[in-house]
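The primary structure of each chain is shown beneath.
Protein chains: 2
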Amino acid sequence: MHGEDPTALVLGLDVGGTSSRALVSDLSGRVLGVGEAAGGNPNSHPAPDAVAQMAGAARQALGTHDPAAVRGCVLGMAGVSKMADPAFGEFFRDEWSRLGLGCETTPVSDGVVAFAAGTPEPKGTVLIAGTGAVAERVEEHRTTATVGGWGWLLGDEGSAYWLGREAVRATLRALARGAVIEGLTESVCAHLGVPPERKALITAANAREPIRLAELAPLVTTAEDDAAEDIVHRAAVLLADTAATARPDPSCPVVLAGGLLGPDERVGQALRAELEARSWPEPLTAGPGAAGAAWLAALPLSPDPNALHKTLLG
Amino acid sequence: MHGEDPTALVLGLDVGGTSSRALVSDLSGRVLGVGEAAGGNPNSHPAPDAVAQMAGAARQALGTHDPAAVRGCVLGMAGVSKMADPAFGEFFRDEWSRLGLGCETTPVSDGVVAFAAGTPEPKGTVLIAGTGAVAERVEEHRTTATVGGWGWLLGDEGSAYWLGREAVRATLRALARGAVIEGLTESVCAHLGVPPERKALITAANAREPIRLAELAPLVTTAEDDAAEDIVHRAAVLLADTAATARPDPSCPVVLAGGLLGPDERVGQALRAELEARSWPEPLTAGPGAAGAAWLAALPLSPDPNALHKTLLG
Chain U
1039 MHGEDPTALV LGLDVGGTSS RALVSDLSGR VLGVGEAAGG NPNSHPAPDA
1089 VAQMAGAARQ ALGTHDPAAV RGCVLGMAGV SKMADPAFGE FFRDEWSRLG
1139 LGCETTPVSD GVVAFAAGTP EPKGTVLIAG TGAVAERVEE HRTTATVGGW
1189 GWLLGDEGSA YWLGREAVRA TLRALARGAV IEGLTESVCA HLGVPPERKA
1239 LITAANAREP IRLAELAPLV TTAEDDAAED IVHRAAVLLA DTAATARPDP
1289 SCPVVLAGGL LGPDERVGQA LRAELEARSW PEPLTAGPGA AGAAWLAALP
1339 LSPDPNALHK TLLG
Chain B
1039 MHGEDPTALV LGLDVGGTSS RALVSDLSGR VLGVGEAAGG NPNSHPAPDA
1089 VAQMAGAARQ ALGTHDPAAV RGCVLGMAGV SKMADPAFGE FFRDEWSRLG
1139 LGCETTPVSD GVVAFAAGTP EPKGTVLIAG TGAVAERVEE HRTTATVGGW
1189 GWLLGDEGSA YWLGREAVRA TLRALARGAV IEGLTESVCA HLGVPPERKA
1239 LITAANAREP IRLAELAPLV TTAEDDAAED IVHRAAVLLA DTAATARPDP
1289 SCPVVLAGGL LGPDERVGQA LRAELEARSW PEPLTAGPGA AGAAWLAALP
1339 LSPDPNALHK TLLG
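As you go down the protein sequences, you meet chains U and B in turn. If you use this note's numbering, the first sequence corresponds to residues 1039 to 1352, in order. If you use this note's numbering, the second sequence corresponds to residues 1039 to 1352, in order.
Chain U with its partners taken away, still in its complex shape (with noise of 0.2 Å):
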């Protein structure tokens, strides 16, 4: 609380595929407004929707604190290049010019919001697992590295994504041998609205969007059977080793974050026992992205920014 301008404020935003999230702050970490609306990144939604719904986040998080106050902006996503992209750039630049903001907004990757939502350390690691499976090196709070994040063609491995695909195979298997369909592998059949029957289990797979076979992640986690153990057991495994690959030294810290891989979450139990196994520090947990967004914001103006992480994320 020493030195910094009362009346100064910051912006963080966190923009994903299905949310758009933005959180205002004064630099004393008091959260002045916070909003939301649908998804905004532009790698999955046109150009003038993703910008229209990052706006409006931002503009509900505003409120009706003066714009021209707001001294930092940082800006996460997934797929941060497309910043750079000149058409999608115009979008934005327009857009964004109606928020009437008293700075320039820095775009930083999904990475680096959800590792400052987890620890103030401005190098370490951080493992995102949802709907796809990422993680990122970061040092002096920037992206140096990233490791898988390839979409569930080419890799998503440990990803709800992958966890679904699995859970079908697991079942095609179960299938082959004669055994009984019964908890996850029934659970599947049951899903896909199909009798346990391999060409029908296939037609009914194959028929839908690929990325779909996410929504068969909850059979796997919630199921209590070895089928489903094996499968989190080997998530839990592919992705230590992602965010060993993207580790920069063994004393930083390791942020966890994303839907699967919550302290209650079972991937999120599984691979915090891995990484015990492996002799790892205990990860940390990262908090809302919009909060690490704003904290980021704040980095250069706060004269404690690890008090202020506290406050806004403690």
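One thing to keep in mind: the hints can contain errors.
No copy labels: a pair is met if it fits in one copy or bridges any two.
Straight-line Cα separation of at most 25 Å, BS3-like style, residue types lysine-lysine; simulated pairs [as the list claims (entries may be wrong)]:
1) K1237 - K1348
2) K1120 - K1348
3) K1161 - K1348
4) K1237 - K1120
5) K1161 - K1237
Hints listed in this document are in silico derivations from the structure and should not be mistaken for laboratory results. All of these numbers come straight from a predicted model, not from anything done at the bench.
With chain U's structure known, arrange chain B on it following the hints.
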């Protein structure tokens, strides 16, 4: 040549996704006509088109021979269960009746046809690897188990699709570790028309139909570097595992079929080495599928099926 009807003919069909082939022979194994038409697999073509292609190939093979003289007809294709679909069956019977055959047509799997095109034995294992990969356990000239054949979304390990996908993955790994992009990894980028850059490669691979990854397989089977060698070796191990699961017993013959498994093909050679290392008997290579189907059609009519096999397929 003892006891058979010298006027009797048999008709064999091998119906695939990209071509339909037919062969007419007499019971001594003398080939009287062959026919070829476009793809006729009803799982990848509309029913009227599929049956028209099958019938076109058959008609061409019959030529001026009397269809009423045909005493046996075997039609092999992938996904043969489609023949039991009532809607498809109607299309098939309508078109087929115009052929004027004097016998029933027996549908069998492409695996049974390929197995018969490799050996006259009634029992063994056939492994087919082309765009996809599948193995069948054959007993009494019928499929008793199918291993793999799940399609690109769920499986196809060791197939051309898999080789192409692994080639892109190897390139992404090479880029991630900052390796020199040369040989296989260079040709992958060139084939996809992108600079050696992670994001560009992911985007280009995802912009195409997934199955088109199979088009990259020849890059793997012609490159002479460690990356290609590693992929070919892993394909051979996966294919050998698939074959092993479909094996009735170790003394039975193993037949290899499909574009990847020819004796001059790199994956075919690696697989033969892998099977030898596992102390399997030397695998046989399938001859033309239509001849295999014709031999199956002649089987109940021929006094010496082994001699006939030699004549037709030797």
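For each hint, the structure was consulted:
1. K1237 - K1348: neither (54 Å within a copy, 35 Å between copies)
2. K1120 - K1348: neither (32 Å within a copy, 63 Å between copies)
3. K1161 - K1348: Only inside one copy: K1161 and K1348 sit 18 Å apart there, 71 Å across copies, limit 25 Å.
4. K1237 - K1120: Close across copies (10 Å), not inside one copy (41 Å); limit 25 Å.
5. K1161 - K1237: between (49 Å within a copy, 23 Å between copies)
Of the numbered hints given earlier, the model fails hints 1 and 2; all others are met.
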